[in-house]
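Protein chains in written order, with the numbering used here: chain E, 1 to 137; chain X, 138 to 274; chain Y, 275 to 411; chain W, 412 to 548.
Worth flagging that the hints you see were computed from the coordinates, not collected in a lab. Keep in mind that a hint or two might mislead.
Distance condition first, Cα-Cα at most 30 Å in a straight line; then the derived DSS-like pairs of lysine-lysine [unchecked claim]:
id, chain 1, residue 1, chain 2, residue 2
1, E, LYS124, W, LYS481
2, X, LYS261, Y, LYS282
3, Y, LYS344, Y, LYS282
There are 4 protein chains.
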Amino acid sequence: MNETTAPKLLVRAPVTVRWGDMDAYTHVNNSVYATYVEEARLQWFRSLDAGWMGEDAAPILAALNTNFRKPIEWPAEIVVEMFAGRVGRSSFTASFRIINRHAPDVLYAEGDSVLVWIDPRSGKSIELPPHVRAALG
Amino acid sequence: MNETTAPKLLVRAPVTVRWGDMDAYTHVNNSVYATYVEEARLQWFRSLDAGWMGEDAAPILAALNTNFRKPIEWPAEIVVEMFAGRVGRSSFTASFRIINRHAPDVLYAEGDSVLVWIDPRSGKSIELPPHVRAALG
Amino acid sequence: MNETTAPKLLVRAPVTVRWGDMDAYTHVNNSVYATYVEEARLQWFRSLDAGWMGEDAAPILAALNTNFRKPIEWPAEIVVEMFAGRVGRSSFTASFRIINRHAPDVLYAEGDSVLVWIDPRSGKSIELPPHVRAALG
Amino acid sequence: MNETTAPKLLVRAPVTVRWGDMDAYTHVNNSVYATYVEEARLQWFRSLDAGWMGEDAAPILAALNTNFRKPIEWPAEIVVEMFAGRVGRSSFTASFRIINRHAPDVLYAEGDSVLVWIDPRSGKSIELPPHVRAALG
């Protein structure tokens, strides 16, 4: 049987583009997309019921891969959707899409990020906390 | 007779604070307040019916004075209010307040800005365009 | 006798303008000037021999007033000069100038900032630490 | 025969980390790495003898993939190295490394970017201009 399941949506973060997000090309600067994705990631972290950062467990961003599909111009209202991907021992992949809030077919960017849980004292990776693993579904 | 009139409200711009607006002190960085004020200014520019930037007339920010009253921490929803101040030949002063969107008594910052209209080709100041002067009331 | 003394130079911080500092007007965005001034301020803080931030004493920026004199365009090398101003019980004023590193007569911006020392636990202002007061001359 | 050639170094861009590049974790924020890479890219664009942006040919960033290897803390002096990768009809891949300026073995991040040349009027991809292709070696 060839069963496919849609990736689990972790968070939908609405973001309002600011004029200052644009650069000298009058498009939203590429580095600001990382800030949009960060906003979704942090909102998801914050939604985890047992906390997401402590003395002995904290996430770090290990990789961020972004494909820019369409320029964004101010004013614009967008949504960042973050989905659970492959889950490993101490890390997981989360994919994302940046779309227009009022026209969800308009895809501005898509990509994925790798998040690793570490012990902040040693900097070493640790097993994903159970409540994080549970939230990934 | 000693009549005082409240300054004219030019724009109320809601802004949603982003996690990345914070700096290493875990408060919104002081430079980001300027971005919040800019967002209100640009929304007001955009509302001017005869356009706000052209080949022969454009505004520049000549001064920005900010008093920081209370730190802002993510997550937060704020509003930037911009008011008309003294109007001169080629420039005007606009004051601003940054408040909490859900608790308007919470004042995060206040200050004023000076905007000058120039001829972009010469860089020289020009008379305020009539529609700008009219919008200032 | 009417003796005037030049304000004491606290720090000269060279800064290299980044392309991304520019906004849709292809000039350095006004909010980035605050980042340049911050860089000078933090370099000065860091030079204080007894440290500048601790459990019971830390500086906060209470005000920042900037006059924009001349647009900055990438690429550019600038210097931020910070000078001691009026010193009070718990606060002091520091003025600043942003100039061209290779043509010091080219003044991009000037202004002043107010720094207050607080007890981070209570948020209340405290007396300026003696080593800070000494550094102000 | 198994001949390998080192990728061609396109540009080495020194960057000085600013205090404001750090976020609430007191490390340089992930989005700022994109700004560092952008600075190298723009310095390389600027070095192209026949110009890099015109009415009928301009580059856009189509993808940016970053692996974060080691946190950066202010103060720090870094270098962004950009290398030519695979060259196609209208695009090429450029890899990059962000290292410590004074300890080149310290690798902060590495990754690659995809640059596409377009006709800004139509938004359609065009053949890489000959002087760009030549510069890629």
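Outcome of the hint check:
{"no.": "1", "hint": "LYS124/E to LYS481/W", "in the structure": "holds (12 Å)"}
{"no.": "2", "hint": "LYS261/X to LYS282/Y", "in the structure": "violated (35 Å)"}
{"no.": "3", "hint": "LYS344/Y to LYS282/Y", "in the structure": "holds (25 Å)"}
In the structure shown, a violation is registered for the earlier hint numbered 2 alone.
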